[in-house]
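Same order as they appear, the protein sequences are chains A and B.
Residue 293 in numbering that gives the first Met the number 0 is what sits at position 294 of the first sequence, and the numbering runs on without skipping anything.
Residue 127 in numbering that gives the first Met the number 0 is what sits at position 128 of the second sequence, and the numbering runs on without skipping anything.
Note that these hints are calculated values from the structure, not bench results.
Virtual Cβ for every residue (Gly too), placed ideally from N, Cα, C.
You may find that some hints are simply not true.
Stated by the list, open to error - Here are some chain B residues pointing at chain A (derived, C-beta under 10 Å): (1) Cys43; (2) Pro243; (3) Trp268; (4) Glu269; (5) Leu287; (6) Asn289; (7) Ile293; (8) Gly304; (9) Gly305; (10) Asp310; (11) Leu312; (12) Trp314; (13) Leu315.
As the list claims (entries may be wrong) - Computed cross-link-like contacts, DSSO-like style, restricted to lysine-lysine with a CA-CA straight-line distance of at most 30 Å: (14) B/Lys33 / A/Lys33; (15) A/Lys95 / B/Lys33; (16) A/Lys95 / A/Lys14; (17) B/Lys33 / A/Lys90; (18) B/Lys109 / A/Lys33; (19) A/Lys33 / B/Lys108; (20) A/Lys262 / B/Lys90.
There are 2 protein chains.
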Amino acid sequence: MPSFPTLDEIQEAAKRIRPHIHRTAVLTCTAINKMVGGEIYFKCENFQKAGAFKIRGATNAVFSLSENKVARGVATHSSGNHAAALALAAKSHGVKAYVVMPENAPQVKKDAVAGYGAEIFFCTPTLRAREETLAKVVDETGAAAIHPYNDFLIIAGQATAALELLEDISDLDIIMTPIGGGGLTSGTALSVRFISPRTKVIAAEPQGADDAYRSFRSGRLIPSENPRTIADGLLTSLGDKTFPIVKNFVDDIVTVSEEGIIKAMRCIWERMKIVIEPSAAVPLGALLTNRLDISGKHVGIILSGGNVDLDRLPWLTEKA
Amino acid sequence: MPSFPTLDEIQEAAKRIRPHIHRTAVLTCTAINKMVGGEIYFKCENFQKAGAFKIRGATNAVFSLSENKVARGVATHSSGNHAAALALAAKSHGVKAYVVMPENAPQVKKDAVAGYGAEIFFCTPTLRAREETLAKVVDETGAAAIHPYNDFLIIAGQATAALELLEDISDLDIIMTPIGGGGLTSGTALSVRFISPRTKVIAAEPQGADDAYRSFRSGRLIPSENPRTIADGLLTSLGDKTFPIVKNFVDDIVTVSEEGIIKAMRCIWERMKIVIEPSAAVPLGALLTNRLDISGKHVGIILSGGNVDLDRLPWLTEKA
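Same shape as in the complex, but just chain A (with noise of 0.2 Å):
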C-alpha cells in the first residue's frame, strides 16, 4: 500500500484552512442535465479564494508548517494558479513568499501574484531554469519550498473540496476530477475511499497531456514529454507522491479531446452562466464526448478553476 494522508489528516486540514478559504456552492443545471442524462453537482472552486481549488493545499501547507520553517517565508516555482495561491496563502499567514516564474508568464497571472505581495523572480521558461532558479532563492532567502502537488500537506488540502461536496450531496455514484499533477484526484479519491466508498472517482485528462492514463494504464509512472492543450493547468505529469494514490484509489482515467474541451467549457459559460477556465472543462468534456455515460447517475464534477485570460478564449482563438 502507498502512504498517504489519513482522515484525520484531511480533516485536520479542514478545520485549519477554514477560516481562510470560501465554502464554495454546489450548482446544478437542468439543460445540461438533460444533454447527459444523468444529474450533475458541479462543486465551484471557481468561485473559490484566488479563483482556483488550489488555495486548498497552499493554505494548508503554509499553516502547517513549524513557526522556525515558515518564519523566513515560503517559495514555490509556478506560471499558474498554485502561485497565487501560495502568494495569498502567505499573506494570510503574515509571512513572505517567493515565486520563480517564466518570464514570459500572462501579465494577468503576474500581476496576481503581485497583486497579492509576493516577491516575483523572472527565470527563461524551462523546467531546468525554474527549479534551478528556485534553489537559488530558497538559498539565499531560507524560505520552505512548496510543491505545488507531490506533497502529502497539498494533497490533504486539496481533498477538503471533496469532503465538502460529499457533505452537501450525500448519494452520488461517481465524482469526476480533471487530472494534471494529481493533487486534486488523489485527495478527491482519498475522501470519496474514506467517507463514501460506493462512490467512483473518474479523473478527466486531455488527450494531449495524456501521461496519467497512460501510467495508470501500464501501471508505471510515464511523464509527459511535450503536452500540449489549452486545459494550461494540466500541463504538468503526476509525482511519486500522487502517482500511487491515483493507481490505488482511482477507479478510471478517461482522455479528452481539445474539441471536446472547448465544447464543455462553452456549455457552461452559455448554459450556467459562470466563468470556468479551460481544465474546469474536462470532466464535463468526457461526457459531451461520450468517454462516459453517466445515464441515470448522479455525478458530482469539482470545476477546478476560474481564472482565463479574458482576451484569449479557446473558441474565438483555437480551431476546434
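Given the coordinates of chain A, work out where chain B should sit on it, guided by the hints.
Same frame as chain A, now just chain B:
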C-alpha cells in the same frame, strides 16, 4: 398620483410565479467592495430561467390572463430577453407563443425562442414592421399581445426581484437597476417604497440611450431617437405606464459611458467569475466611473441578465 400595482398585487405576483422561476442567489465580492468603498449585494438574475429577470413579468402576465383570453396563445414582438421569457412562460402554462422577430436577429436568440417551442414570424427590422406584423399575427391567431414592459402585470412581476433581495438583505441604503423601458426599474421602485421606504432607488442608463435620464430631468416623456449602446437590452424608451412610476418613485438616474459599461462587465466576469450581459453591468459602471459615490453604504444591484453572444465580447469587438 400615477396608477401603479399595489403591494398586494406584487405579492400575488410573487406567489403566482414562484413555481415557475428560480429564487436567484445574492452574491458579494470583496475585491469589488474594496474598489468602490461600499458593500454591494448582487441579485443574480443572470442565473434566472431563460437567463434574465424577464421571466418574472412574462410568467405573471401569462398566468394572470383568464382562460378565455389565454386559450389562443400569447404574442409579442421582441428580439431579446422578453421573447425567450414569453416563449418559456407560455410553455409552462401549456399555451402557444407567437413571437415577431426582426429577420436580422442573432441566430442564438432565434434558437432560444424556437427552443422553447414558440412560433416565430420574421419581419424587416423596423419598429413599424414589427408592430404591423404583430397586429396581423394577433388578428389571425386570436393570441393576447403582451408588451415587454409597459404593462402593470409585467411591472408587478419584475417587482418581485427586489422583493426577494429585500427579504435576503434588509438594511440596504440604495438599490440600483439598469433602465431601458423601465419595467424592472418601476417594479423595483414600487417594492422598495412598500417594503423599505428609507432605501433609495437609483437607475443607471447608457449615455447613448439616455431617454429615461432626460425624461426624468425634464419631467416629460422624451423617447430615444437612434439610441446606440452595447447594452442591447436598454435600447427601448420608457412607456406611458412606466414613466409616471419612475418619475414619482425613483430617486435618481445616472448615465454611464460605453467604456464604463465594458469595464464593469469585464470586472464582474474576472472578479466574480460569472457571466453577465452588458445591460447588467451598467449600475456597477456608474460606480467604477464615479457617477455615484457609495462610500460606507450597503447597495443592492440587480444583475439583470446573462445572455451574451460569446463570439462577440465587447472588449474584443468595441473600441473602449
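For the hint on B/Trp268, does the least C-beta distance to chain A fall short of 10 Å? This interface hint holds because 6 Å falls under the 10 Å limit.
Does B/Glu269 hold up as a contact with chain A if the rule is Cβ-Cβ below 10 Å? holds (6 Å)
Hint check, B/Asp310 versus chain A [nearest Cβ-Cβ separation less than 10 Å]: Status holds, d = 7 Å.
30 Å limit on alpha-carbon distance, applied to hinted pair A/Lys95 and A/Lys14: Judged against 30 Å, a Cα distance of about 23 Å means the pair holds.
Given the proposed pairing of B/Lys33 with A/Lys33, does the C-alpha separation stay at or below 30 Å? violated (40 Å)
Go through the hint on B/Gly305 and say holds or violated, using the shortest Cβ distance to chain A against 10 Å. holds (4 Å)
Tell me if B/Leu315 is really an interface residue toward chain A, meaning its C-beta lies closer than 10 Å to one of theirs. holds (7 Å)
Given B/Asn289 as an interface hint, is its Cβ closer than 10 Å to any Cβ of chain A? violated (22 Å)
Holds or violated: B/Lys109 with A/Lys33, Cα cutoff 30 Å? Given that 30 Å is the threshold and the Cα spacing comes to 21 Å, the pair holds.
Does B/Leu312 pass the interface check with chain A, least Cβ-Cβ distance below 10 Å? Check passed: Cβ of B/Leu312 comes within 7 Å of chain A, closer than 10 Å.
Checking one constraint from the list: CA of B/Lys33 to CA of A/Lys90, max 30 Å. Satisfied? holds (17 Å)
Do the alpha carbons of A/Lys95 and B/Lys33 lie within 30 Å of each other, as the hint requires? holds (23 Å)
In summary, the structure is inconsistent with hints 2, 5, 6, 7 and 14 from the numbered list given earlier, while agreeing with the others.
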